[in-house]
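Make the full structure from the sequences, and use the hints.
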Amino acid sequence: MKKPSLLLGALALALFSAGVHAETLRFATDASYPPFSKQGPDGKMIGFDPDIAQALCAAMKVSCEVLPQDFDGAIPALNARKYDAVIASMNITDERKKAVNFTDKYYNMPSRLVGKAGITVNDAWFKGRKIGVLRSSIQEKYARDHWVKLGATLVSYGKAPESFLDLKSGRIDASFVDAAVGDTDFLKTPNGKGFAFAGPEYNDAKYFGEGAGIAVRKADTALLARLNKALKDIRANGTYDKIQKKYFSFDIYGK
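Mature numbering (1 follows the signal peptide of the UniProt record, and there is no 0) puts the sequence shown at residues -22 to -1, 1 to 233.
Please note that the accuracy of each hint is not assured.
Derived EDC-like pairs: lysine to aspartate or glutamate, alpha-carbon spacing no greater than 16 Å straight-line [as the list claims (entries may be wrong)]:
#	residue 1	residue 2
1	Lys22	Asp50
2	Lys16	Glu43
3	Lys16	Asp48
4	Lys16	Glu140
5	Lys184	Asp72
6	Lys184	Glu118
7	Lys184	Asp211
8	Lys184	Glu73
9	Lys108	Glu140
10	Lys196	Asp48
11	Lys105	Asp123
12	Lys83	Glu188
13	Lys127	Asp101
14	Lys119	Asp72
15	Lys39	Asp219
16	Lys119	Asp211
17	Lys196	Asp82
18	Lys60	Glu43
19	Lys83	Asp219
20	Lys108	Asp144
21	Lys83	Asp229
22	Lys196	Asp62
Pair by pair, the computed Cβ-Cβ distance ranges are [unchecked claim]:
#	residue 1	residue 2	range
23	Phe228	Ala203	24 to 34 Å
24	Asp20	Ser147	26 to 36 Å
25	Asp123	Lys39	42 to 52 Å
26	Ser227	Asp101	45 to 55 Å
27	Ser147	Asp72	33 to 43 Å
28	Ala174	Arg122	19 to 29 Å
29	Gly148	Pro88	18 to 28 Å
30	Asn100	Asp211	43 to 53 Å
31	Gly232	Asp123	19 to 29 Å
32	Ser147	Ala58	35 to 45 Å
Derived by calculation from the structure, the hints in this document are not laboratory data. Virtual Cβ for every residue (Gly too), placed ideally from N, Cα, C.
The following block contains the structure:
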């Protein structure tokens, strides 16, 4: 009769050979941030971020769960061990690095104002304007530090698309978002008719960091290293490019 330890070892080997992974990584992502992430009709998370998470898990040979989480609660939930990592288009900033560690960037896009087509954005324009921002986002912090003192009022939203509804109805004057979100989820839709990007691209490293990264707990250094290796792997083998082309007609990885 085989010893229990030998039987367990044989079972583990059989499961691995059959493609069944004992380890499962739980990723949190924003429940409503298309095209990066949104909840599909069946409740599953779909979009660029979930696809990248699945590709990373495949490269690491582990199972994967991508779960919905409001953006402003993502880091607290991660540190409460509800998830193993956060892949939610979260920019790598010094302030956030006090609470979590980040992988290398997996994309880097500027932020833009979206408003009525033809408006001219300068310092004087902000006086009396209402600007929509995603709650707890880098866009909210930048707008608070720069535009409130110019007379603007910020309107914070739990989900980015909510600001587009208010922009369309005239309840706010502009929405300040990741450029890819503004382009794909609003400007290229019927609701975006008559609207356009306004003003310059915003990419001040002090606020917007060096791109979006995957957040992990401070203590999870081994997981951080594995994720970084997997990122390099999917960049090198063409998987990243294939996923990117599924959602965007331009390179979002950045310089």
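Hints, one by one, checked against the model:
At most 16 Å may separate the alpha-carbon atoms for a hinted pair to count; Lys22 and Asp50 exceed this at roughly 20 Å. About 14 Å separates the Cα atoms of Lys16 and Glu43, which keeps this hinted pair within 16 Å; it holds. At most 16 Å may separate the alpha-carbon atoms for a hinted pair to count; Lys16 and Asp48 meet this at roughly 11 Å. With a C-alpha separation of about 13 Å, the suggested pair Lys16 and Glu140 falls inside the 16 Å cut-off, and the hint holds.
For the proposed pair Lys184 and Asp72, the alpha carbon gap of about 8 Å is at most 16 Å, so the pair holds. Only pairs whose Cα atoms come within 16 Å are accepted, and Lys184 paired with Glu118 is accepted, the gap being roughly 14 Å. At roughly 29 Å between alpha-carbon atoms, Lys184 and Asp211 are farther apart than 16 Å, so this suggested pair is violated. In summary, the hint linking Lys184 to Glu73 is supported, as the alpha carbons are separated by about 10 Å, within the 16 Å threshold.
Under the criterion of a C-alpha separation no larger than 16 Å, the hint pairing Lys108 with Glu140 is consistent with the structure, at around 14 Å. With a C-alpha separation of about 21 Å, the suggested pairing of Lys196 with Asp48 is violated against the 16 Å cut-off. Between Lys105 and Asp123 the alpha-carbon distance is near 14 Å, which keeps this suggested pair within the 16 Å criterion. Straight-line distance between C-alpha atoms of Lys83 and Glu188 comes to about 7 Å, which keeps the hinted pair within the 16 Å bound.
Our distance criterion of 16 Å between C-alpha atoms is met by Lys127 and Asp101, whose separation comes to about 10 Å. For the hint pairing Lys119 with Asp72, the CA-to-CA distance comes to about 13 Å; that is within 16 Å, so the pair holds. About 20 Å separates the Cα atoms of Lys39 and Asp219, which puts this hinted pair outside 16 Å; it is violated. The hinted pair formed by Lys119 and Asp211 fails the criterion: a straight-line CA distance of about 34 Å is larger than 16 Å.
For a cut-off of 16 Å, the pair hint linking Lys196 to Asp82 stands: about 15 Å separates their Cα positions. At most 16 Å may separate the alpha-carbon atoms for a hinted pair to count; Lys60 and Glu43 meet this at roughly 12 Å. Note on Lys83 and Asp219: the hinted pairing holds, with a Cα-Cα distance of about 15 Å set against a maximum of 16 Å. Using a Cα cut-off of 16 Å, the hinted pair Lys108 and Asp144 holds, with the two alpha carbons roughly 10 Å apart.
Proximity of Lys83 to Asp229 is assessed by CA-CA distance (about 14 Å); at most 16 Å being required, the pair is judged to hold. Restraint check for Lys196 and Asp62: the C-alpha separation of about 11 Å stays at or below 16 Å, so the hint holds. For Phe228 and Ala203, the hinted distance range of 24 to 34 Å is satisfied, since their beta carbons lie about 30 Å from each other. At roughly 30 Å, the beta carbons of Asp20 and Ser147 sit within the given window of 26 to 36 Å.
The hint said 42 to 52 Å for the Cβ distance between Asp123 and Lys39, and at roughly 44 Å that hint holds. For Ser227 paired with Asp101, a C-beta distance near 33 Å fails the hint of 45 to 55 Å. Checked against the hint of 33 to 43 Å, the C-beta distance between Ser147 and Asp72 comes to roughly 37 Å, which is consistent with it. Between Ala174 and Arg122 the beta carbon distance is about 24 Å. The supplied range of 19 to 29 Å therefore holds.
Checked against the hint of 18 to 28 Å, the C-beta distance between Gly148 and Pro88 comes to roughly 26 Å, which is consistent with it. Range check, Asn100 to Asp211: Cβ separation about 46 Å, and the 43 to 53 Å hint holds. Hint check: Gly232 to Asp123, Cβ distance near 23 Å, so the stated range 19 to 29 Å holds. At roughly 37 Å, the beta carbons of Ser147 and Ala58 sit within the given window of 35 to 45 Å.
Hint compliance for this structure: hints 1, 7, 10, 15, 16 and 26 are broken, all remaining hints hold.
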